[in-house]
Amino acid sequence: MNWRSVAPWIFALLVIGSGLTLFATSNGGWLKEVPARDRDRSNPYAEQSDAIAAGRRIFVDHCAHCHGDDANGRKKHPSLRSARVQEEATVGDLHWLLVNGNRGQGMPSWVKLGDPQIWQVISYVRSLH
Amino acid sequence: MYRNGFWNVSVRMKLAVLLLLAVVVPAYYKAYSQEYPYFVTYSQEMEEPGNLDFESFNVVGNPNGGNSFLGSDIEFEYGLKAWWTTEFYLDGQATQNDSAIFTGFRWENRFRPLPREHWINPVFYVEFEDTSADKTLREVVGHDGNPDFLVPNWLARQDKEREIELKLILGSNVRGWNISENFIAEKNLAGDPWEFGYALGASRPLRLLASAHECAFCLEKFQVGAEMYGGLGDTDGFGTHLTSQYLGPTVNWASPKGMTVGFSPQFGLNSYSIPVLFRFSVSYEIQGFLDHFRRGAK
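If you're matching them up, the sequences are chains A and B in order.
Start counting the first sequence at 16; every next residue gets the next number (the numbering used here).
Start counting the second sequence at -2; every next residue gets the next number (the numbering used here).
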């Protein structure tokens, strides 16, 4: 086996290994990671009834399986009615979490929904307060 | 029209099974799918942990000087972790005036190394495949092209392809658009040179805001875009000489019951390519798949 045939394998292993190592070092405490400019963002659809209704539909489709139909949490997945979500975190913090996820803790990124739908979900979650 | 092979009993049986699954699966499981409309290009998105995506991808083509064919695969994509998705494929094909055959299996794993979203998000992809006479065209590498589709199935089946495929997937989400780029390296374990290819895709929902009320044909249920892919030669000759290249629009529709249906006509850009490919897909995402078994049947 010559160098040309081995090199891509070594490269792939190094890249995957370094990626997994980097990932393994990440952990919770996501609120502390939110940059100030993201934390201060405001929800363009806050308290709009249509946005809340649409946000509920998105929540039922994508979030309820883990966080519960009533958003009270399920198994290891946290309640979205907690003080942490409803008071401690700003809507900007929640937006940042939905965009970035918290993969080490099992929370995927929902960036594929797009900004408008993410804000609609946040409108619904905040309406639970 | 299709007297031998292409529309024979096994193909009809397979379509009947797919139809049955299309009816039965959504009746028993919560099934929601929101996917990009790509057939060849991988985006940076991973399957959500615990979810199973059941998909069928199909391609119909008519190579120059050859027989029409239907290439088909059934995929089971499972989210092991938020950063690790695994997928198993069963492949088959039917060729007019020839035969309908099972062509093999593939097993892939995708790893997302960076925990946060960035301007460009990398995903590493590793796949092992054991196929022969494959016509699914899920990727185009090396000097794959129209001549490969002129070989009769009995002869093509003798060429076993046990291959490792590596992909670097790069994806970005910008103002509602998803832009994805794949760089592909494939190696036949029998000792052929490394073959290279690429795939590019861009797509966007027709509307970014969700409707307040349930609706089947709201604009946000449709994703439209374009895909381009092709071979880049091999270690003995990198480049686009004697490679096939394809480009086409693509669209999918997410039904309220959770079924996503996709379609794309794709056009060969040079004489080495098959002139036109018609691709179509059906998929379901079943949330918390293993939970259904833990609780008993729903």
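Hint data in this document are derived by calculation from the structure and do not stem from the laboratory.
For clarity, every value in this text was computed on a predicted model and none was experimentally measured.
Treat the hints with caution; some may be incorrect.
[Said to hold, decoys possible] Here are the simulated SDA-like pairs of lysine to any residue, each with C-alpha atoms no more than 25 Å apart in a straight line:
id: 1; chain 1: B; residue 1: Lys157; chain 2: A; residue 2: Trp24
id: 2; chain 1: B; residue 1: Lys218; chain 2: B; residue 2: Leu206
id: 3; chain 1: A; residue 1: Lys91; chain 2: B; residue 2: Glu74
id: 4; chain 1: B; residue 1: Lys78; chain 2: B; residue 2: Glu114
id: 5; chain 1: A; residue 1: Lys91; chain 2: B; residue 2: Lys218
Here is how each hint holds up against the structure:
Proximity of Lys157 (chain B) to Trp24 (chain A) is assessed by CA-CA distance (about 22 Å); at most 25 Å being required, the pair is judged to hold. For a cut-off of 25 Å, the pair hint linking Lys218 (chain B) to Leu206 (chain B) stands: about 10 Å separates their Cα positions. Taking the CA atoms of Lys91 (chain A) and Glu74 (chain B), the gap is about 23 Å. The hint holds against a cut of 25 Å. Of the pairs offered as hints, the one joining Lys78 (chain B) and Glu114 (chain B) holds, with about 16 Å between alpha carbons and a cut-off of 25 Å not exceeded.
Note on Lys91 (chain A) and Lys218 (chain B): the hinted pairing is violated, with a Cα-Cα distance of about 31 Å set against a maximum of 25 Å.
Hint 5 from the list above is the single one not met by this structure.
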